[in-house]
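Number of protein chains: 2
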Amino acid sequence: MDTPNKSVPRVVIIGGGFGGIQLAKHLKNAPVKVMMLDRHNYHTFQPLLYQVAMGAIPADSIGFPIRRIFTKQDNFRFFLTDVKKINPESNTVSTDIGDISYDYLVVATGSNTNFFGNKEIEHFAMPMKNIPEALNLRSLILQNLEKALVTKTYNEREALMTFVVVGGGPTGVELSGALAEMRQLILVKDYHGLKKQHMKVYLVEGKDRLLAAMTPKASQKAKEFLAKGEVTIYNNVHVQSYDGYELKIDDGKVIHTRNVFWAAGVKGELIDGIPEDTITRGSRILTDEISRVNGYENVFAIGDVAAMITSDMPNGLPGVAPAAMQQGQHLAKNIVHMIKGEPTVPFKYLDKGSLATIGRNKAVADLGIFHFQGFFAWLLWGFVHILTLAGFSNKLSVFLTWFLNYFNRNSDNRLVVRYFNTETMMTEPVAK
Amino acid sequence: MDTPNKSVPRVVIIGGGFGGIQLAKHLKNAPVKVMMLDRHNYHTFQPLLYQVAMGAIPADSIGFPIRRIFTKQDNFRFFLTDVKKINPESNTVSTDIGDISYDYLVVATGSNTNFFGNKEIEHFAMPMKNIPEALNLRSLILQNLEKALVTKTYNEREALMTFVVVGGGPTGVELSGALAEMRQLILVKDYHGLKKQHMKVYLVEGKDRLLAAMTPKASQKAKEFLAKGEVTIYNNVHVQSYDGYELKIDDGKVIHTRNVFWAAGVKGELIDGIPEDTITRGSRILTDEISRVNGYENVFAIGDVAAMITSDMPNGLPGVAPAAMQQGQHLAKNIVHMIKGEPTVPFKYLDKGSLATIGRNKAVADLGIFHFQGFFAWLLWGFVHILTLAGFSNKLSVFLTWFLNYFNRNSDNRLVVRYFNTETMMTEPVAK
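Protein chains in written order, with the working numbering: chain A, 1 to 432; chain B, 1001 to 1432.
No lab work stands behind these hints: they were computed from the structure.
Quick list of the computed label-pair ranges, beta carbon to beta carbon:
| hint | chain 1 | residue 1 | chain 2 | residue 2 | range |
| --- | --- | --- | --- | --- | --- |
| 1 | A | Phe399 | B | Gln1240 | 46 to 54 Å |
| 2 | B | Lys1395 | A | Thr232 | 38 to 46 Å |
| 3 | A | His192 | B | Val1237 | 49 to 57 Å |
| 4 | B | Pro1346 | A | Phe375 | 53 to 61 Å |
| 5 | A | Ala212 | B | Lys1028 | 48 to 56 Å |
| 6 | A | Leu379 | B | Glu1120 | 54 to 62 Å |
| 7 | A | Gly244 | B | Gly1244 | 33 to 41 Å |
| 8 | A | Glu156 | B | Lys1340 | 39 to 47 Å |
| 9 | A | Phe399 | B | Lys1028 | 29 to 37 Å |
The beta-carbon is built from N, C-alpha and C at its ideal position, and this holds for glycine as well.
Can you make the complete structure from the sequences, with help from the hints?
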């Protein structure tokens, strides 16, 4: 495995996210061998993680086996492994299954939750960047509702039924909207003994508006939709501390809660061996406009872990799936150009717009010059997400689940498959 | 919660399996309060656990939230809890959420894997009686195939690709058949580098035929189907030991394997407080013909944990879903009779027959005087299982998944959501 056939260049891709998958797919007919390394054997459709957390859709429906995506691609190989280090001086990567050499290396490791160095918050607040974490969230929400039913004191029950979402970007808005919808539609039906007015949902955002990457009109509408669903929104404030019981905000407010969901920031998922001087704000790797890591000939970075900072884009690209996918597709073409000795073509981002949903029949959309909110934005949101899901079976599964949930005003996937221990803040391991 | 309203008797059901669910449903219009206690918040459709283990269907599709089953049943309450002890002298059960009193108590705790006291086998062999265990199996199978791809020695690869199923009942036959089918259809397509002839599937059974509860013709056909799929079948032998590497059989054979799946026996899932003298072979509770535990007035046991031994049925009922369901339905009627002071009616088991599938287009069926094997038995098997699944969404999900898998000759749910550690023989806990 460690000596590539010199006649056919080997492209090693670290990460099977949106960028890595598109890159590998677009190298299908290229004169290369493609090797993908990932610590999961599946691709995750991250935009719907919050629905898995809410028990609205099955966990399996947003994961798709990477091998299965490439069943028919002969020049593709996959290895399930953790990459420990990249060694650009020897053109190899060190992994737990040995060293692997490359002709072209693409770092497409994505991003992870950013707790901005606060260890206490990191311990007690729940992140949601992959399927196991979303299932942990699901377990915590459902376990705490079950506990609320049998708890002795008013204060304890209040804390168990208080949900605080930190971060007012798309994930925070969608998650808090879904919690409000659960309170409205499901709580009173399936949890006899719990009252709607006892369940509280908060959304805490540091900026002066929600969905700061969208238009002010979209922000305003999202706020209205959430307020209508009785989500309490705090803008212009930051979380100071959370010890598992009390969440302190920098304006002096204290919220008693056992459920804090952290959607307040991401950082690039770096690997050892990437030189310090190529790393910029948010732990992202600086690249030029063909995704090449500054200072290297054959090392590239795409997607959330990359910072392609150009004069047009002083902050780099937004950390969204379409940007990663476009970079992957574009880099595939440039790798072929490089192999053939042809000039490379600079990347141009095509911003197709932004969407965020707030729950049943409600979403906001900014599409170029079109800005709209409400039912049609919501339909479009659903349509776009189903189209982007990997695999026909997942498209069908999510579509039908949504269809049934919509008409049942309930959901069937609220299973606590593994218990979440609120002392250790870990799932309980299941023996054998 | 501890003082029932004396005017309305309280029926406490321990366990939300096939028996408990049917009992609670059939008490919908009875003059009782129904309280169900379970350590999971969902009902598990155990007959399809092996398909979850194989990554053929989503885990969520065979679990259904217990609360959701009873959304419209006003006299039903559910509590997520572990029952520690039953106290018949005080008509209470001790749980981790406090003591609960009852007027009628029904033990419907089902069965668990029986390792017949062999601690080493219990540690290293994989059971499959609930969803977390099936997901562990899935992780192990997929992780070991991934390891086989990068392993250095022939012996190591052989052990990683050798699968031994112990127990030739329906579960063992279905699981080994599914493994053979995976080798035939999926291995060469999705695991470039692994060869079909390197993957071995064994089925080890103590009796002289498979499916001993079915007709000799069904046993014979099942054996033929499995042999055609190149499953190596050992009859009349027992596993002596398994240390994680070597499986020793009592005829002297040794199989080098990292994958041993234990489907060789079950035992009743007992609770403290059930008197020793009511417990019989297989840790089951002796009951009379109205499911009443010997020596008690108001304590009952149904399903796999019960041994209703009568002159007609000297071994009790078979440990299958239809028997538990019928007992649950029947007991509901008798509880109403008892409340009204009417005479109770003895239980009569209606044996609807047995089915087992061996994989694509192959199954065996014994239905009263009708015995048939092959394609129609397979269609019937699928039909019966989909009809019995709880919830329309699960019926639809399993039906469509099977439909797609059948035509794709592949499956899309082979996700390792939590890693299985072959040192500790536990899943890796996922922090936050």
